[in-house]
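*Asks:* Chain order of the listed sequences is A and B. Numbered continuously in my numbering, the first sequence closes out at residue 280. Numbered continuously in my numbering, the second sequence closes out at residue 605.
No false leads were slipped in.
With the C-beta cut set under 10 Å, the calculated list includes, among others, these residues of chain B facing chain A:
| # | residue |
| --- | --- |
| 1 | Ala364 |
| 2 | Ala422 |
| 3 | Arg425 |
Which chain A residues stay away from chain B? Per the calculated CB distances, all over 12 Å, these:
| # | residue |
| --- | --- |
| 4 | Trp57 |
| 5 | Ala61 |
| 6 | Ile90 |
| 7 | Leu126 |
| 8 | Pro167 |
| 9 | Ser236 |
| 10 | Glu244 |
The calculated label-pair distances, taken between Cβ atoms and stated as ranges, are:
| # | chain 1 | residue 1 | chain 2 | residue 2 | range |
| --- | --- | --- | --- | --- | --- |
| 11 | A | Gly27 | B | His362 | 38 to 44 Å |
| 12 | A | Trp104 | B | Arg291 | 23 to 29 Å |
| 13 | B | Asp335 | A | Asp114 | 39 to 45 Å |
| 14 | B | Trp454 | A | Asp114 | 48 to 54 Å |
Don't read these hints as lab results, they were simulated from the structure. The beta carbon of each residue, even a glycine, is placed where N, CA and C say it ideally should be.
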Amino acid sequence: MTATIPEVRSAAPRSSRPASTLTLTSGIGLGVTMLWFSLLVLIPLVAVIITASTGGWSAFADQLTNEQTAAAILLTIRSALVVTLVNVVIGTVIAWVLVRDRFWGKGLLEVIIDIPFALPTIVAGLVLLSLYGAESPLGLHWANTSTSVYLALAFVTLPFVVRMVQPVLEELDADVEEAAASLGASRSTTFRRIILPSLAPAIAAGAALSFARGMGEYGSLVLLSGNLPFESEVASVRILSAIENDNPEGAAAIAAMLLVVSLLVIVVLDLIQRRMVRRG
Amino acid sequence: MSIEVSGVNKRYGDFVALEDINLTIPTGQLTALLGPSGGGKTTLLRVIAGLETPDTGSVVIEGKDATSLPVQKRNVGFVFQHYAAFKHLSVAKNVAFGLEIRKRPRAEIQKKVDELLELVHLSQFGNRLPSQLSGGQRQRMALARALAIEPSVLLLDEPFGALDAKVRKELRDWLRRLHDEVHVTTVFVTHDQEEALEVADEIVVVNQGGIEQIGTPEQLYDEPANDFVMSFLGDVTTLGGSLIRPHDVEVTPSPISEHSVEGTVSRVLRIGFEVRLTVLTDDGEVVTAELTRTHARALQLEEGVNVFVTPSPGAYTMRAPSSAA
Numbered sequence: 001m002t003a004t005i006p007e008v009r010s011a012a013p014r015s016s017r018p019a020s021t022l023t024l025t026s027g028i029g030l031g032v033t034m035l036w037f038s039l040l041v042l043i044p045l046v047a048v049i050i051t052a053s054t055g056g057w058s059a060f061a062d063q064l065t066n067e068q069t070a071a072a073i074l075l076t077i078r079s080a081l082v083v084t085l086v087n088v089v090i091g092t093v094i095a096w097v098l099v100r101d102r103f104w105g106k107g108l109l110e111v112i113i114d115i116p117f118a119l120p121t122i123v124a125g126l127v128l129l130s131l132y133g134a135e136s137p138l139g140l141h142w143a144n145t146s147t148s149v150y151l152a153l154a155f156v157t158l159p160f161v162v163r164m165v166q167p168v169l170e171e172l173d174a175d176v177e178e179a180a181a182s183l184g185a186s187r188s189t190t191f192r193r194i195i196l197p198s199l200a201p202a203i204a205a206g207a208a209l210s211f212a213r214g215m216g217e218y219g220s221l222v223l224l225s226g227n228l229p230f231e232s233e234v235a236s237v238r239i240l241s242a243i244e245n246d247n248p249e250g251a252a253a254i255a256a257m258l259l260v261v262s263l264l265v266i267v268v269l270d271l272i273q274r275r276m277v278r279r280g
Numbered sequence: 281m282s283i284e285v286s287g288v289n290k291r292y293g294d295f296v297a298l299e300d301i302n303l304t305i306p307t308g309q310l311t312a313l314l315g316p317s318g319g320g321k322t323t324l325l326r327v328i329a330g331l332e333t334p335d336t337g338s339v340v341i342e343g344k345d346a347t348s349l350p351v352q353k354r355n356v357g358f359v360f361q362h363y364a365a366f367k368h369l370s371v372a373k374n375v376a377f378g379l380e381i382r383k384r385p386r387a388e389i390q391k392k393v394d395e396l397l398e399l400v401h402l403s404q405f406g407n408r409l410p411s412q413l414s415g416g417q418r419q420r421m422a423l424a425r426a427l428a429i430e431p432s433v434l435l436l437d438e439p440f441g442a443l444d445a446k447v448r449k450e451l452r453d454w455l456r457r458l459h460d461e462v463h464v465t466t467v468f469v470t471h472d473q474e475e476a477l478e479v480a481d482e483i484v485v486v487n488q489g490g491i492e493q494i495g496t497p498e499q500l501y502d503e504p505a506n507d508f509v510m511s512f513l514g515d516v517t518t519l520g521g522s523l524i525r526p527h528d529v530e531v532t533p534s535p536i537s538e539h540s541v542e543g544t545v546s547r548v549l550r551i552g553f554e555v556r557l558t559v560l561t562d563d564g565e566v567v568t569a570e571l572t573r574t575h576a577r578a579l580q581l582e583e584g585v586n587v588f589v590t591p592s593p594g595a596y597t598m599r600a601p602s603s604a605a
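Produce the complete structure using the sequences and hints provided.
*Replies:* As structure tokens, this is what we get:
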């Protein structure tokens with residue numbers, strides 16, 4: 001009776017895959033990867049978690065339920081989410097324009113897109129301060145308001161989605177769109193059912209980068225935002241002040257919280273992306 | 281008449297892609313647009329499909345003026361050289377795409393997709409992604425996808441161009457048999473004369489933006505309208521100032537008619553079952569002849585041997601354009 005079951009099982013493609021493909025060289029490669037990754041990422045992360053948990057669960061919860069800290073964390077998450085959503089839309093549009101359209105000054109725009117990447121963040125902060133600060137030539141006085149946080153995040157995260165989507169869009173074959181059209185699909189249907197699912201992984205990757213950057217941003221917003229508690233103070237500033245006030249547990253607790261949220265969002269983005277690709 | 285193209289012109293800047301094209305493609309037949317690359321055959325196919333707008337002229341499909349209709353409304357099935365598969369959709373979903381766009385009931389779509397996958401021998405592959413198929417399988421999927429919308433005409437742009445020689449041959453046979461089953465008016469573009477001669481009911485020879493000749497494979501091969509058609513459809517050589525097919529040149533040790541020309545064998549090239557012979561005549565012409573291996577052996581042909589070359593009785597010859605000058 002048991003003989004029939006393994007027979008069926010053996011037809012599954014999974015069983016034909018070997019458990020490991022490691023040779024000596026690839027084994028060394030994996031070893032180096034793990035060592036490097038551990039030294040730079042895993043061990044510091046664990047250290048943060050340990051520091052955060054030294055006082056036990058209630059101390060950890062106390063740190064986070066401090067009203068000022070909670071407000072800072074909420075502002076950080078909210079602004080990172082909003083800016084990421086904006087980037088998903090605007091970034092895709094910009095990538096589309098850069099790939100599909102030909103216009104005067106396109107080469108220049110290509111270069112300008114990367115400036116928020118290349119600029120030291122404190123320089124970005126200065127630029128924003130001179131444009132939107134007290135002496136704004138535009139008449140927009142956004143210094144010391146929560147708007148300044150959104151503005152700074154939008155500025156520094158602009159390139160992420162654009163640069164992830166652009167190469168994928170360039171790789172898309174024109175004949176795939178023509179095939180969809182010949183089968184009766186309108187431009188918008190083709191975009192929704194053929195182009196967008198192909199871009200989804202790139203958009204999700206860009207969104208994840210954009211969100212993670214937004215969660216930890218410090219340099220570009222610290223000048224313009226004024227770091228007013230309950231108004232424009234973000235989590236990273238809060239971490240700094242905790243350290244300055246000799247409260248490393250508090251700093252670690254906030255850091256751990258940011259870590260968890262970032263992980264959560266990256267997982268959710270991945271799920272959305274998979275779903276989109278499957279559904280078509 | 282299924283497709284009528286009249287007075288079509290198309291330019292890209294200074295380049296004339298199509299010049300005053302008038303063409304009628306009969307219903308239910310398999311027609312090949314044959315010509316060298318850059319000759320305009322693909323542009324013509326894309327104009328028929330509505331993927332390209334002609335500068336002037338009209339396209340009528342099944343009696344309906346389609347000139348101003350976008351590709352979405354023409355109800356044509358189009359198959360691309362590089363498959364144009366929807367990579368993120370399964371094979372079955374690819375085939376179902378056109379029907380889903382048309383909002384057909386789910387059960388009907390399911391039934392139709394099953395039928396088509398059966399027709400193109402991909403029934404077991406419905407759940408796979410296109411990337412898990414071979415090139416030939418992908419092109420069959422693309423064909424099923426195009427047939428799903430029950431097109432009034434099926435247009436194929438170099439459908440086997442990206443496949444290797446063996447699969448090409450198989451798919452070519454298969455397309456012919458499929459067409460005999462489905463009977464949809466089909467136009468396919470190819471630069472391979474063998475493919476056109478083997479598969480098509482009718483061949484349209486397109487060159488430099490114009491049509492050189494339209495006819496059945498026999499007509500084109502046996503009575504080419506000009507030297508371009510003659511040389512494009514098969515090998516040619518010159519003998520006595522005329523173009524002639526190398527297999528229509530007879531090689532003998534002594535003269536057999538007043539048209540026999542004496543010469544010396546300058547090269548013997550053996551390719552599988554045939555022998556290709558280069559003969560330098562006393563008049564200074566270089567003549568190529570094709571013989572079977574046994575025939576060549578019987579004549580004991582080798583380089584330096586003296587032979588006579590004569591056009592076979594009934595061979596088609598044409599005044600060579602270069603010698604007229």
